[in-house]
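K.L.:
Listed here are the chains, written in short residue letters.
Protein chains: 2
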Amino acid sequence: MKNERKYMTDWLDQVAWGSDGLVPAIAQDAETNTILMMAWMNREALQLTVAQQRAVYWSRSRQKLWFKGEESSNVQTLESIHLDCDNDVILLKVKQIGGVACHTGRQHCFFKQLKNNEWVVTESVLKDPAIMYKNHER
Amino acid sequence: MKNERKYMTDWLDQVAWGSDGLVPAIAQDAETNTILMMAWMNREALQLTVAQQRAVYWSRSRQKLWFKGEESSNVQTLESIHLDCDNDVILLKVKQIGGVACHTGRQHCFFKQLKNNEWVVTESVLKDPAIMYKNHER
Numbered sequence: 001m002k003n004e005r006k007y008m009t010d011w012l013d014q015v016a017w018g019s020d021g022l023v024p025a026i027a028q029d030a031e032t033n034t035i036l037m038m039a040w041m042n043r044e045a046l047q048l049t050v051a052q053q054r055a056v057y058w059s060r061s062r063q064k065l066w067f068k069g070e071e072s073s074n075v076q077t078l079e080s081i082h083l084d085c086d087n088d089v090i091l092l093k094v095k096q097i098g099g100v101a102c103h104t105g106r107q108h109c110f111f112k113q114l115k116n117n118e119w120v121v122t123e124s125v126l127k128d129p130a131i132m133y134k135n136h137e138r
Numbered sequence: 001m002k003n004e005r006k007y008m009t010d011w012l013d014q015v016a017w018g019s020d021g022l023v024p025a026i027a028q029d030a031e032t033n034t035i036l037m038m039a040w041m042n043r044e045a046l047q048l049t050v051a052q053q054r055a056v057y058w059s060r061s062r063q064k065l066w067f068k069g070e071e072s073s074n075v076q077t078l079e080s081i082h083l084d085c086d087n088d089v090i091l092l093k094v095k096q097i098g099g100v101a102c103h104t105g106r107q108h109c110f111f112k113q114l115k116n117n118e119w120v121v122t123e124s125v126l127k128d129p130a131i132m133y134k135n136h137e138r
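Residue numbers (our numbering), protein chains in the order written: chain V, 1 to 138; chain Y, 1 to 138.
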């Protein structure tokens with residue numbers, strides 16, 4: 001029974017958590033391969049992501065677990081979860097509920113592109129953040 | 001002239017460098033949207049990436065600039081460069097020369113997938129690392 005329990009969490013021990021207990025986690029749309037965002041996970045966030053089959057991150061600014069979509073409704077349901085060669089970066093393939101991952105109301109967070117020494121906005125706002133977060137702080 | 005020079009580097013100042021002077025940088029295959037790897041950049045690495053139109057990272061383990069492919073020949077030529085909403089994650093869309101991004105000889109670094117509480121290798125080795133690095137240390 002003890003061995004069984006250990007086996008159940010070995011995969012969490014195999015992640016090379018940083019000195020702050022975190023690793024970067026990239027969320028990619030499982031269907032289109034669009035990169036939606038990058039956030040951070042601690043051990044508990046990763047465990048919850050797998051247990052609940054939805055993306056759970058660690059918010060560094062708020063210093064608490066962040067159940068993606070808890071305020072915005074932009075939940076990411078889990079399709080598969082991957083680890084890189086150095087065991088220190090997580091990749092989530094997800095379904096993005098509502099089609100919006102970014103708190104600015106855009107499909108994804110990488111909406112600035114460098115053109116002639118300037119970061120130029122290249123993606124439109126699909127949902128008004130004021131409506132997305134109407135009952136919540138961001 | 002001074003203003004002109006400032007304009008030329010404003011885009012570098014706009015990146016929210018971490019307390020260690022680094023930000024994560026994701027490399028994505030511009031054609032297939034496959035995520036190849038995630039590494040780190042400091043200001044100089046980002047500047048060199050744009051100047052040389054190839055991926056240049058900061059190696060945390062070696063504590064020096066890492067001109068991707070300098071040893072393995074697996075150069076990444078730059079197609080476009082993107083910044084996220086919080087200005088603290090870079091996305092490079094690249095062409096992966098040789099079709100191999102990972103030092104293990106695989107197409108990309110995210111070759112372990114979680115299945116039934118185990119990280120299972122899901123990608124084949126395309127190039128023997130012993131040949132890839134025959135004249136170099138990894």
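Worth double-checking, as some hints may not be accurate.
Note that the list lumps identical chains together, so a pair holds whenever it fits in one copy or between two copies.
When the alpha-carbon atoms are kept at most 20 Å apart in a straight line, the in silico PhoX-like pairs for lysine-lysine are as follows [to be verified]: (1) Lys64 - Lys115; (2) Lys115 - Lys93; (3) Lys95 - Lys115; (4) Lys95 - Lys127; (5) Lys64 - Lys95; (6) Lys134 - Lys93; (7) Lys127 - Lys93; (8) Lys115 - Lys127; (9) Lys127 - Lys64; (10) Lys64 - Lys93; (11) Lys134 - Lys115; (12) Lys134 - Lys95.
No lab work stands behind these hints: they were computed from the structure.
K.L.:
Does each hint hold? Answer for all of them.
P.N.:
Here is what the structure says about each hint:
1. Taking the shortest Cα distances, lysine 64 and lysine 115 never come within 20 Å of each other, neither inside one copy (36 Å) nor across copies (27 Å).
2. In this assembly of identical chains, lysine 115 and lysine 93 lie within 20 Å of each other by CA distance solely across copies; the values are 14 Å between and 29 Å within a copy.
3. For the identical chains of this complex, lysine 95 and lysine 115 are inter-copy neighbours only, at 18 Å across copies versus 30 Å inside a copy, given an alpha-carbon limit of 20 Å.
4. With identical chains, the CA atoms of lysine 95 and lysine 127 are at most 20 Å apart within one copy only, with a shortest distance of 17 Å there and 32 Å across copies.
5. For the homomeric pair lysine 64 and lysine 95, neither the shortest alpha-carbon distance inside one copy (23 Å) nor that between copies (38 Å) is at most 20 Å.
6. Taking identical chains as interchangeable, the C-alpha atoms of lysine 134 and lysine 93 are never at most 20 Å apart, the minima being 28 Å within one chain and 35 Å between chains.
7. In the homo-oligomer, the alpha carbons of lysine 127 and lysine 93 never lie at most 20 Å apart, since the shortest distance is 22 Å inside one protomer and 26 Å across protomers.
8. In this homomeric assembly, lysine 115 and lysine 127 never come within 20 Å of each other (Cα to Cα): the closest approach is 26 Å inside a single copy and 35 Å across copies.
9. Taking CA atoms no more than 20 Å apart as the test, lysine 127 paired with lysine 64 passes in neither setting, with 25 Å inside one copy and 42 Å between copies.
10. Taking CA atoms no more than 20 Å apart as the test, lysine 64 paired with lysine 93 passes in neither setting, with 23 Å inside one copy and 32 Å between copies.
11. Proximity of lysine 134 and lysine 115 under a CA criterion of 20 Å is satisfied in neither setting, with 34 Å inside one chain copy and 38 Å between copies.
12. Taking CA atoms no more than 20 Å apart as the test, lysine 134 paired with lysine 95 passes in neither setting, with 23 Å inside one copy and 42 Å between copies.
Hint compliance for this structure: hints 1, 5, 6, 7, 8, 9, 10, 11, 12 are not met, and every other hint is.
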